[in-house]
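Number of protein chains: 2
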Amino acid sequence: MKFSVTVTLKKDVLDPQGKVVENTLQNIGMESLKSVRQGKYFEIEVSDQDPQKAEKKVDDMCKKLLANLVIEDYKVNKI
Amino acid sequence: MKFSVTVTLKKDVLDPQGKVVENTLQNIGMESLKSVRQGKYFEIEVSDQDPQKAEKKVDDMCKKLLANLVIEDYKVNKI
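Chains A and B are the protein sequences, given in the same order.
Residues in the first sequence are numbered from 1 upward in steps of one, following the working numbering.
Residues in the second sequence are numbered from 1 upward in steps of one, following the working numbering.
The shape of chain A in the complex, shown without the other chains:
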């Protein structure tokens, strides 16, 4: 069973990495660009067959390792 996880910085947390990408895109002529925020993306495969158990496990992985809940949010989707 395969899941995608996106981890993004919370709205009010500064994102210097995204800012650099934003500036670079503007410098190469992308004028209608308003903002860029960068995050992390994971594709996770687990061997559980029960969809609920599998999703619970991926959720655990996010809480324990992948996301820092103080400054980040995460989303899990089945793919």
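If you are wondering where the hints come from, they were derived from the structure by calculation, not from laboratory data.
A portion of the hints provided could be inaccurate.
Since the list gives no way to pick out one identical chain from another, each pair is judged satisfied if it fits inside one copy or across any two copies.
[Said to hold, decoys possible] With a straight-line cut-off of 25 Å between C-alpha atoms, the simulated DSS-like cross-links for lysine-lysine are:
#, residue 1, residue 2
1, K63, K34
2, K2, K19
3, K63, K78
4, K53, K10
5, K78, K64
6, K53, K63
7, K78, K56
8, K40, K63
With chain A fixed as given, assemble chain B onto it according to the hints.
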């Protein structure tokens, strides 16, 4: 108009970063884990009103800066 972009390594490209995450998760007791692949995630806001033009622009950004098409694939979604 807001878009999400995910950039992932192509299937046959080695992903050492994902491997480290995978090993770490297994070390903290996630036994049913089969594999982890890591990618990049961007949230991009553009000021164009025309959805087609806006998506075209985001697609351009991916080709020019965000993704290395030799080893990476990308997906653009409106959010």
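- Item | Numbers of the earlier hints that this structure fails to satisfy, in rising order | 4
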